[in-house]
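Order-wise, the sequence lines are chains P and B. 7 is the number of the first residue of the first sequence in our numbering; add one for each residue after it. 459 is the number of the first residue of the second sequence in our numbering; add one for each residue after it.
Simulated from the structure, these hints should not be mistaken for lab results. Glycine residues also receive a C-beta, built at the ideal position from the N, C-alpha and C atoms. Please note: incorrect hints may appear among the correct ones.
[What the hints assert, rightly or not] Just so you have them, the derived chain B footprint on chain P, three or more residues with Cβ under 8 Å:
no., region
1, 39 to 50
2, 275 to 288
3, 303 to 311
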Amino acid sequence: MSRATQQVEEVVIRFAGDSGDGMQLTGGRFTDTTAIVGNDLSTLPDFPAEIRAPAGSLAGVSAFQIKFSSKDIHTPGDTPDVLVAMNPAALQVHQKEVKPGGTIICNANAFTPKNLKLAGYETNPLEDKTLDDYFTLYSIEMGKMVTLACEGLDLSSKIVDRSKNLYALGLLFWIYDRPLQPTKDWLEVKFGKKPELVEANVRSLEAGYNYGDTTEIFTTRYKVDKANLPPGKYRNIMGNNALSMGLAAAAEKSKLGMFFGGYPITPASDILHTLSAWKHLGIKTFQAEDEIAGITSVIGAAFTGGLGVTATSGPGIALKSEAMGLAVIAELPLVVINVQRGGPSTGLPTKTEQSDLLQAMYCRNGEAPLPVLASSTPGDCFFAAYEACRIAVKYMTPVVLLTDGYLANGSEPWQIPALKDLPDFKVKFADKSNISDGQFMAYLRNKDTLARPWAIPGTKGLEHRIGGIEKEDVTGNVNYDPDNHHHMVKTREQKVKNIANEFDPTEIFGKKSGDLLILSWGGTMGACRSAAEALQDEKFKVSHLNLRWLNPFPNDLGEILIKFKNVLIPEINNGQLIKMIRAEYLVDAKGLNLVRGKPISSDDIQHTVKEMIG
Amino acid sequence: MADSKTKSNQTQSPEEILATVVNHALDGNDVPLNTLDNKVIKAKAKAMIVRINKGTAERPEMPTNSTQVETTTSAPSAYTRKDFTSDQAVRWCPGCGDYSILAQTQKVFPDLGRKKEDFVFVSGIGCSSRFPYYMDTFGFHTIHGRAPAVATGVKLANPDLSVWVVTGDGDSLSIGGNHTIHMLRRNLDLNVMLFNNRIYGLTKGQYSPTSEVGKVTKSTPMGSLDGPFNPLSLALGAGATFVSRTLDKESKHMQDIINQSYNHKGTSFIEIYQNCNIFNDGAFSSLTDRDTKSDTVLLLEDGQPMVFGAEKNKGIRLDGNIPKVFEFGDKLNIDDALVHDKKDYIIASLLANMTYNPDFPDPLGVFYAIDMPTYEDLIVDQINDAIKKKPKGSVQQLLDSGDNWVVK
Ligand SMILES: Cc1ncc(C[n+]2csc(CCOP(=O)(O)OP(=O)(O)O)c2C)c(N)n1
Ligand code: SF4
Ligand SMILES: [Mg+2]
Numbered sequence: 007m008s009r010a011t012q013q014v015e016e017v018v019i020r021f022a023g024d025s026g027d028g029m030q031l032t033g034g035r036f037t038d039t040t041a042i043v044g045n046d047l048s049t050l051p052d053f054p055a056e057i058r059a060p061a062g063s064l065a066g067v068s069a070f071q072i073k074f075s076s077k078d079i080h081t082p083g084d085t086p087d088v089l090v091a092m093n094p095a096a097l098q099v100h101q102k103e104v105k106p107g108g109t110i111i112c113n114a115n116a117f118t119p120k121n122l123k124l125a126g127y128e129t130n131p132l133e134d135k136t137l138d139d140y141f142t143l144y145s146i147e148m149g150k151m152v153t154l155a156c157e158g159l160d161l162s163s164k165i166v167d168r169s170k171n172l173y174a175l176g177l178l179f180w181i182y183d184r185p186l187q188p189t190k191d192w193l194e195v196k197f198g199k200k201p202e203l204v205e206a207n208v209r210s211l212e213a214g215y216n217y218g219d220t221t222e223i224f225t226t227r228y229k230v231d232k233a234n235l236p237p238g239k240y241r242n243i244m245g246n247n248a249l250s251m252g253l254a255a256a257a258e259k260s261k262l263g264m265f266f267g268g269y270p271i272t273p274a275s276d277i278l279h280t281l282s283a284w285k286h287l288g289i290k291t292f293q294a295e296d297e298i299a300g301i302t303s304v305i306g307a308a309f310t311g312g313l314g315v316t317a318t319s320g321p322g323i324a325l326k327s328e329a330m331g332l333a334v335i336a337e338l339p340l341v342v343i344n345v346q347r348g349g350p351s352t353g354l355p356t357k358t359e360q361s362d363l364l365q366a367m368y369c370r371n372g373e374a375p376l377p378v379l380a381s382s383t384p385g386d387c388f389f390a391a392y393e394a395c396r397i398a399v400k401y402m403t404p405v406v407l408l409t410d411g412y413l414a415n416g417s418e419p420w421q422i423p424a425l426k427d428l429p430d431f432k433v434k435f436a437d438k439s440n441i442s443d444g445q446f447m448a449y450l451r452n453k454d455t456l457a458r459p460w461a462i463p464g465t466k467g468l469e470h471r472i473g474g475i476e477k478e479d480v481t482g483n484v485n486y487d488p489d490n491h492h493h494m495v496k497t498r499e500q501k502v503k504n505i506a507n508e509f510d511p512t513e514i515f516g517k518k519s520g521d522l523l524i525l526s527w528g529g530t531m532g533a534c535r536s537a538a539e540a541l542q543d544e545k546f547k548v549s550h551l552n553l554r555w556l557n558p559f560p561n562d563l564g565e566i567l568i569k570f571k572n573v574l575i576p577e578i579n580n581g582q583l584i585k586m587i588r589a590e591y592l593v594d595a596k597g598l599n600l601v602r603g604k605p606i607s608s609d610d611i612q613h614t615v616k617e618m619i620g
Numbered sequence: 459m460a461d462s463k464t465k466s467n468q469t470q471s472p473e474e475i476l477a478t479v480v481n482h483a484l485d486g487n488d489v490p491l492n493t494l495d496n497k498v499i500k501a502k503a504k505a506m507i508v509r510i511n512k513g514t515a516e517r518p519e520m521p522t523n524s525t526q527v528e529t530t531t532s533a534p535s536a537y538t539r540k541d542f543t544s545d546q547a548v549r550w551c552p553g554c555g556d557y558s559i560l561a562q563t564q565k566v567f568p569d570l571g572r573k574k575e576d577f578v579f580v581s582g583i584g585c586s587s588r589f590p591y592y593m594d595t596f597g598f599h600t601i602h603g604r605a606p607a608v609a610t611g612v613k614l615a616n617p618d619l620s621v622w623v624v625t626g627d628g629d630s631l632s633i634g635g636n637h638t639i640h641m642l643r644r645n646l647d648l649n650v651m652l653f654n655n656r657i658y659g660l661t662k663g664q665y666s667p668t669s670e671v672g673k674v675t676k677s678t679p680m681g682s683l684d685g686p687f688n689p690l691s692l693a694l695g696a697g698a699t700f701v702s703r704t705l706d707k708e709s710k711h712m713q714d715i716i717n718q719s720y721n722h723k724g725t726s727f728i729e730i731y732q733n734c735n736i737f738n739d740g741a742f743s744s745l746t747d748r749d750t751k752s753d754t755v756l757l758l759e760d761g762q763p764m765v766f767g768a769e770k771n772k773g774i775r776l777d778g779n780i781p782k783v784f785e786f787g788d789k790l791n792i793d794d795a796l797v798h799d800k801k802d803y804i805i806a807s808l809l810a811n812m813t814y815n816p817d818f819p820d821p822l823g824v825f826y827a828i829d830m831p832t833y834e835d836l837i838v839d840q841i842n843d844a845i846k847k848k849p850k851g852s853v854q855q856l857l858d859s860g861d862n863w864v865v866k
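Isolated chain P, as found in the complex:
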């Protein structure tokens, strides 16, 4: 049967269902296949905070959004073109965000009176025609279909029913013309020990695909061409995974033994999990009794010459603050990763936010400056992690790396880097006396960087003591002298400032001057870039600058800012970078602050820009 095939540039699909419906898995499979097909893509998982909220409830809805395109894209999209809703609650939660005129595909079997009631529907939306005016609605009895498809298999009806997500996946593969084989291979690896399960899932997948192919309900298939990505070898990557690889790369290039100490917390735990699985690389991981032990064990390892890393989220950083101060005064290299989530307190543990910037900057007692950087895309987490390690060791300082829940769990196609192309990372431990009389001065600094020597236990003749009490510069001895303290406060500050001397000139997307500069950091980068592209297409004099480093700021930032009539800083917080920018450069920047536990959309930014300069 021949069907119309329509060429489209980009598509946004959202899979939504009950926590038990396997929506993350479905989204993940669709993503991997889409990556292999060669589209650019960006994903956004959206988990409920509860592990198993009551089945069918609004609290239990789990979703996964993917945008894929034949163009270079930067965000997982704002409004879905297609919503797959596996039950009434999923429809209730997500239907309002679907693009007018979009498509909604529902599993009709889940629209039982009980589920409708749980979702707050008085009548069945699949039958009462309320959706028909706005959307193209496909109501498919997925549960029944998979039961039929799996007839004859020795599996309980409950297990068979669970494969209906594969049915939905198969159907979408048909609609968007994607191959089934990668998913079949994956199922084989995943459930290989249970052939019946593999069989059930494969049959459901094919049933969904064939449903699209054979029924005439779907009149159109869509084709999204390969994106024009730079040549190279690619894989799809999630932020936490990329970050872990960046750390491993730093350990390998520096030849330092990596020591990771941490305590589980969403959304950072996957870093602990990932590194723990890489023992064959010699990586030592330590699940500590709490976050304080996580960082202090890392400080101990750093004192001993290890590449020390800890990862947590905002509440964990709060606990680590005192120890971060210790690392500042002891001038030891370590990397502290904050995968930010909604706060305050437990806040929105599974949602994204950018509200810990000021915590990273200032939440320590005393003058305790440390370098802060942020990654801006899932794949960029790799490079940011590598850079954080390199700077920590080069300047003998703790470094904070900020990512967020959206970057951590989001994914994108990623050009696989070659380790040999990464910046040099040579480390030299002190091995002999550094003054003429044969003694060792633990705080005798490198003239350029102001870093002190790294002399590790086991090195003959370099026995020395460090600690949290103020140090005398040069000797490192305990010292309470007022002038020395003042000098050390200034020195520690200058050491961090010196890092900016090695930054490349700041890149600006667009012209170097104009009506408005969108200034971003971290995970908001993609939405800002998309907005800038769209606005530039509409001939607005808008440029975009994303900050890799929040402390120190690049040396050329001040000159750049004054070349724009307006500066807009979109952030998923109540205005944090904007405070730092205003304080540092006295520019009248404006904020766009939407704190909803999800990424700011490119539309929101475009809208605001037009209000400002339109």
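Once you have looked at the hints, place chain B with the ligands on chain P.
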């Protein structure tokens, strides 16, 4: 506990004798001083030591004709006490029990047979935690309560080091209680010296988690209400593999315990009763006073009956499973005394429980010592196993793994 007596050396003048005993005492050997038979020189020497420690007097030259006093049995080594003495002035209050602990440590270390650069001292915060500054080894004075976790990182990063944790009763049992129990349950090969003065010294005398109920301090003017931890019961409950106690004044005993701790592979926990003569003076006086100590202290020796008393005529026996103090007589004698077995957890627990019980003497010595695999060895084993299964790959292989595709 020295059995030798220092006679005034005929060939030395009183000044030389004074200088000799003072030097020995400052170097951690107070036997010559304590056993000096000339009371006048002895008093002068004690006063001089206090002044030197305060910094108001200079240390006298060691006379060249000084009497050598043998105090250790270890073979002589290339190191001396000086090699473990840093150039930093010691700042504890004169008379503080911490001096003796430092002295005994500096006494024992030269003979441990370990390269000095392999020692690392890690401490938290408190008077006791200043300790690392005075040892000429690698040292790290960290933050309040966290020394066990820092030391864990040191040991895991380099298991070849000999790592020592120095902590106070507040540091390890209050703010750092969590780290203490987890360190013990993991059984890293660490040595922990807990200076228990039953008070917060550094913050000027608040009650601590080992202070007795009713303790009147600035923060508890009507007496403290909460009962104390029993550190050794806590350690045993947390899974410690070496549990011991010693006393600041018992130099040789302490030296022996430090030695045994060093030789135990696994976390060695040493509780050291330490007098804070400023804020809790006399906390252990009944255990140190010559008149009482033979009745209040039970010296533990592995494989030996538990006997104490000035006449060595009292013992501990089990009545069913209840320990009792008894005097040797017609019915019961030394053969009825419980024999200490440091591998026996039940005995160790009974001994630990005597701690705050006025009916019992306070045991000193090694309560418990068993061999268990250390955490760092297990970690290294896992890594080696993983490498065996998956030959030590490069990160590039990791990057290239998984589904990937080529864009031309
Ligand atoms: C986070 C923090 N809280 C409180 C203090 C203040 N403080 C320093 S030492 C100490 C208690 C020390 O008692 P202990 O551990 O028994 O040591 P000691 O001085 O008796 O040897 C306290 C409360 C601190 N330094 N840091
Ligand atoms: S306050 Fe007590 S514990 Fe601290 S140094 Fe003085 S005597 Fe020692
Ligand atoms: Mg104390």
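Comparing the hints with the structure gives:
1. With 3 residues having a Cβ less than 8 Å from any Cβ of chain B, the region 39 to 50 of chain P passes the three-residue criterion, so the hint holds.
2. Counting residues of the region 275 to 288 of chain P whose CB lies closer than 8 Å to any CB of chain B gives 5, which reaches the minimum of 3, so the coverage claim holds.
3. Counting residues of the region 303 to 311 of chain P whose CB lies closer than 8 Å to any CB of chain B gives 9, which reaches the minimum of 3, so the coverage claim holds.
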